[in-house]
Amino acid sequence: MKTKIKFSAWAMCAILPVIYSCESNEAPGPENPSNGLDYRYVVTSTPIASDGVADYLLTVDDLTDGTVSTQGNGIEQDGTYRYYVSHQNKFFSLLYGQGNPGAVTTYTLDATGNLQKLSDFQAETVQAFAIVKDDLLMVRIPRNIDTPMASWYRMDTELLQIVDEGQIDLKALKSDDEMGFFTWVTQVGNKVYAPFMSAKGCCGDAFGTNDPDRAWIAIYSYPSMELEKIITDDRISSIGRYFMEGLAVVESGDVYAFSPANTSSNSELNSTKPSAIVRIRAGQEEFDQDFFMDVEELTGGYYLHSWIYIGSGKFVLTLGKPKATWGPGEYFAIADVNAKSIQWVTGVPSADEITSVTTNNYSPKDGKSAYIGITTTEGSHVYHIDAENNTAIKGLEVQGGTITAIRRLEKSN
Amino acid sequence: MQIKKLCIALAIYSLNILAGQAQSTVILEGRILDSKSYPMEGVGIYVKELGTGVLSNQEGLFSLVLPEDLIYSLKISHLGYRSQELSISTGTGFSPFLEVVLEESEMSLQEVVVNGKNQVRELRETAFPVDVVDGKSLHHTTLDLAHALDRVSGVRIRENGGVGSGMNLSLNGFSGRQVKVFMDGIPMDNMGSSFQLNNIPVNLAKHIEIYKGVVPVGLGADALGGAINIVTQTYEKSHLDISYSFGSFNTHRTAVNAVHVGKGGFVAQVNAFQNYSDNNYWVNVDVADINTGQYFPDQWVKRFHDTYHNETLIAQVGWVNKPFADKLLFGATLGKNYAEIQTGARMVTVFGSWHRRGTIVMPTLRYEKKGLFSSRLDLSFNANYNLGSEQNIDTLNRRYNWFGQYKTYDGPGGERSRTLYKFRNNNGLTNTTLHYHLDEKQSLTFNHVFNTFNREGSDELFPDDARYDQPRTNTKNIMGLGYQLRDHEKWGASVFLKSYNQGTHYTQSYNPSGQWGDVAYLDMDNSFSKLGYGAALTHFLKERLQIKGSFERSYRLPETEELFGDLINLSANIDLRPESSYNYNLGLNYWSDSKQSKRLNLSGNFFYRDSRDFIRARLNNNQVMQVMENLGNVLTKGVEADLRLFLKDQWQAGLTMTYQDLRNNTKYEGGQQTVSILYKDRIPNMPYLFGNVDASYGLDNVKLQGDRWNIGVNLLYVHEFYLYWPSLGSDKLTVPKQISIEMESSYTFGKRSRYQFTIECRNLMDSLLYDNFSLQKPGRNFTGKVRYFFL
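So the protein lines, in turn, are chains R and L. Position 256 of the first sequence, counted from 1, bears residue number 256 in the UniProt record's numbering, the numbering being contiguous throughout. Position 559 of the second sequence, counted from 1, bears residue number 559 in the UniProt record's numbering, the numbering being contiguous throughout.
This is chain R alone, in the form it adopts within the complex (with noise of 0.2 Å):
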């Protein structure tokens, strides 16, 4: 009996320590290398998995070529879905908290090349953001008729706090019984554009609507955010969809606009009209009646699902087939607006190796190149799109998950 006594206790004093003595022991992951350059690519990316999914803020100087891992690397965002906007060189993390409240953390890179937090501040969980000017302009947009009150917000990028907030009444954007939708703000010359979709807002079906072949931009004073005009248009859809931007500012001042065409009805896909490009001339706020590029007619049937603009009136198109409200983006084309033409790009996977394609990603706006974020059933790379020869390129390998965002941010002196 006594010696089994003795036992346990030694048994207990061989435990304890183990309690005690854990301390994590995981190296810090290797940054990095920065060269001489005075910039560098944030590029975000989150893991693959079903639960306790975090995204990863990596910083790398190329994105034509090499690897890069979030094992042991990169700095943890907390809460699953995140958002990202850079301006200058701060780069701004956003949480989208289901309609709560959360905090949005600024970092900014350091002379060495490094991510540097700079501070927290609380933001609502937004439905569209833009830099315009030197704000950040966020939107909070109800999907109730019954709450139709959408807020905006005004951040100052310098003071990093908000400076500004108001709100929009969704349901008088639409004189029937719905209501209008913000896919997203531009700023366009002194003034901020707010396309939307009409949506019944009720009924178990949120974002269907029975108003699918008309396209609407709201107009806005910056920073007074008063609604000055909606201009309107019976050629196309909606502009843009859900959390996607739909409108691009080129050199000269004009402004291009896509609809997806995409809008249903329960769920069953309801609108007559084509996807298309259409125009605004500068400082006209009216639709040119001019210009129209039927998308699915270039293409041979397939709807635009989301673009960048890349510069001298080209973009980057990512292109959906069958049509579908939700459904993905997985072709890719280079469209010319000047030449009203679209070509295929050659060297991208074939879309059903495709599971994700990145939506907020990099071009330096030279008229020549992008940088997409592609993951297949192989993994994700950065594909560097060549609008010159329209071709793809596979470049930079991000180990460990999906491509969320490809951002460019200055060092700070």
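It should be emphasised that the hints constitute simulated quantities derived from the structure, not laboratory data. We put the CB at the ideal spot given by N, CA and C, even for glycine. All clues stand as given, with none of them false.
Listed next, the in silico DSSO-like pairs over lysine-lysine satisfying Cα-Cα at most 30 Å (straight line):
hint: 1; chain 1: L; residue 1: Lys75; chain 2: L; residue 2: Lys237
hint: 2; chain 1: R; residue 1: Lys171; chain 2: L; residue 2: Lys407
hint: 3; chain 1: R; residue 1: Lys394; chain 2: L; residue 2: Lys667
hint: 4; chain 1: R; residue 1: Lys340; chain 2: R; residue 2: Lys321
hint: 5; chain 1: L; residue 1: Lys136; chain 2: L; residue 2: Lys263
hint: 6; chain 1: L; residue 1: Lys322; chain 2: L; residue 2: Lys370
hint: 7; chain 1: L; residue 1: Lys407; chain 2: R; residue 2: Lys174
hint: 8; chain 1: L; residue 1: Lys302; chain 2: R; residue 2: Lys117
hint: 9; chain 1: L; residue 1: Lys370; chain 2: L; residue 2: Lys490
hint: 10; chain 1: L; residue 1: Lys237; chain 2: L; residue 2: Lys48
hint: 11; chain 1: L; residue 1: Lys680; chain 2: R; residue 2: Lys394
hint: 12; chain 1: R; residue 1: Lys191; chain 2: L; residue 2: Lys407
hint: 13; chain 1: L; residue 1: Lys407; chain 2: R; residue 2: Lys133
hint: 14; chain 1: L; residue 1: Lys136; chain 2: L; residue 2: Lys206
hint: 15; chain 1: R; residue 1: Lys171; chain 2: L; residue 2: Lys422
hint: 16; chain 1: L; residue 1: Lys441; chain 2: L; residue 2: Lys490
hint: 17; chain 1: R; residue 1: Lys133; chain 2: R; residue 2: Lys117
hint: 18; chain 1: L; residue 1: Lys737; chain 2: R; residue 2: Lys117
Derived, one-sided and incomplete: chain R residues facing chain L with beta-carbon distance under 7 Å:
hint: 19; residue: Ala54
hint: 20; residue: Gln71
hint: 21; residue: Ile75
hint: 22; residue: Glu76
hint: 23; residue: Asp78
hint: 24; residue: Ala103
hint: 25; residue: Asp120
hint: 26; residue: Asp146
hint: 27; residue: Met149
hint: 28; residue: Ile162
Ranges between beta-carbon positions, derived for each pair:
hint: 29; chain 1: L; residue 1: Lys637; chain 2: R; residue 2: Gly327; range: 39 to 47 Å
hint: 30; chain 1: L; residue 1: Phe403; chain 2: R; residue 2: Thr67; range: 45 to 53 Å
hint: 31; chain 1: R; residue 1: Asp110; chain 2: L; residue 2: Tyr582; range: 48 to 56 Å
hint: 32; chain 1: L; residue 1: Lys407; chain 2: R; residue 2: Glu378; range: 45 to 53 Å
Got chain R sorted already, so can you dock chain L onto it with the hints?
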């Protein structure tokens, strides 16, 4: 010898049946006394050869009718007393009156865990991996059931805050709904927010059984790995137990348990309890400026919108120990709760007016009969129907910060999502168990659990929406058949089969014409059946050294909330499949001779779980709500140990430790052909090393005859763990190491009526405690409790 006994038993049995009154019998009467010559009520007198027994009455008296001219062994046992075996002859030399004095076993009821007791020991000695907590030993504390469970090896309770806050229970690597909770063998999963583990006082429990892995067939339902059964009443005698406690944060708790056992077996029971707390404890947060969003870092503020209260009444009337039933009880559970919601999933999200209400209105029926039709067949049947409702109230279009400041926005809205949605699940349940004794050593058990569900919900703010999400119905049938073999001395075994069936009917509504208010329905049905199986084996290597092994293939069916959503934050996914798991357990138990003054109990358990199709949440396509999906395979290996030392009646110390290694076993993630970078990585946001150490000292006859003073300390430890996948990132978020110390002291006096005074301090070191990332728990807090009871 065995065959002879069996023949005798059979002969008696058949003679009984055939000869009826013709059999000549004798009447044996007796009286059970304790060592102080007080009569003992409710003592079991078991006639081994007949397989039946009786209980002593209030005067300690009992009587048995026995066939003449035979020899019987009587086993007389009572919780907390050393049992006795007597051999009596009904032939020549029969003495018609027997007086038995039972001696208390060394371990008195005041001790925390009962390890050497008849009932409890018997349970522990089954082949199943089971732990038993004696509820009585915790009745002087202010613990609720959840916190009592938190002291058991392998169990972790994680809470979002103070009294009544949301909680999650994990058991050997399984968590949430993967672990089933029962009360007296009845699944608790349909009882709503008003009747949950962390709002029921520990005083309700007589003991708590914790099945770690393989669950016996008698407890039906679909546990993936493990079950907890809270055993409440046995109706042995009338008793009353009243307690009230008051503590920090304006916390009041009251519990009344009154049982009347009348002449002729009539029983009436009232069990009522109440919890109230402001939960206004201090927390350390960054407070956002209500206008600019700028943070004032590191502020200490009081929680200001976290009041919780619940009131519950359980009433039962009926009969016990009657010819038509061992137990026939009609009852109802009535209750309501109110909970203010202070934060979202992170403390940055702060609310000031959103709250929830829930009710439970549940008629119940219980019937038990041993020896139905024949002495070999036992039946127990339970039924209940919950008419209770749940409501979410969020109607103020406001934004609050941690200083309690707010701004109000124009127009209708809510803090999170404007709602007054109220629903009832109309949950019905029956649970039937048949137990058939093939002979002294073998028995068969059949169990059937039937569940119905029919959700009705509406929102007065959005009256048009209601018809778009009805009807939603579901039925569940789970049947189990088990065979048990038990040689009391050496070994026991059990094998079982379980069949799981679920049928779900769901209407997806849509607007067919595009006209406002038009609605049409698309019927959707989903059903499946699965077959599970398992076996458990135990062997006594020595008299007090036992080895146990068990295996099962188990399933957990998707819950109605996972299938239909909660219409607030969770959308429906009718295509969910059951979760499944292969579970293996291997355990050793050792306990020293209870006659020794220094004693030791030691148990160790190794577990291995290969689980598939875990049901997990992800955001749906338009990211409005979460949706549950079958995602992820997990491989779990773990060990746990439980050590307890006793010195005389005075000292007691214990240690429990659990290490569980949960690894991601999903080799290829959704459509990927390369091996996932997270394959074999540790599952994040799950404690993997935790335990507790406790010690207590008790002294009898301090000032008065029969009084007792007790002081105890308990330290809970949880090792630091990662919030997200451990292998990713270099700058990571962790849930830091937690050490919490609780102290309590109680003084009990009185003879039959006893009074008890307790003071308790929790989180003695005032450390920052978190269960979930950033959701802080109360700092140092004190509670006093007064209890009056007689037994």
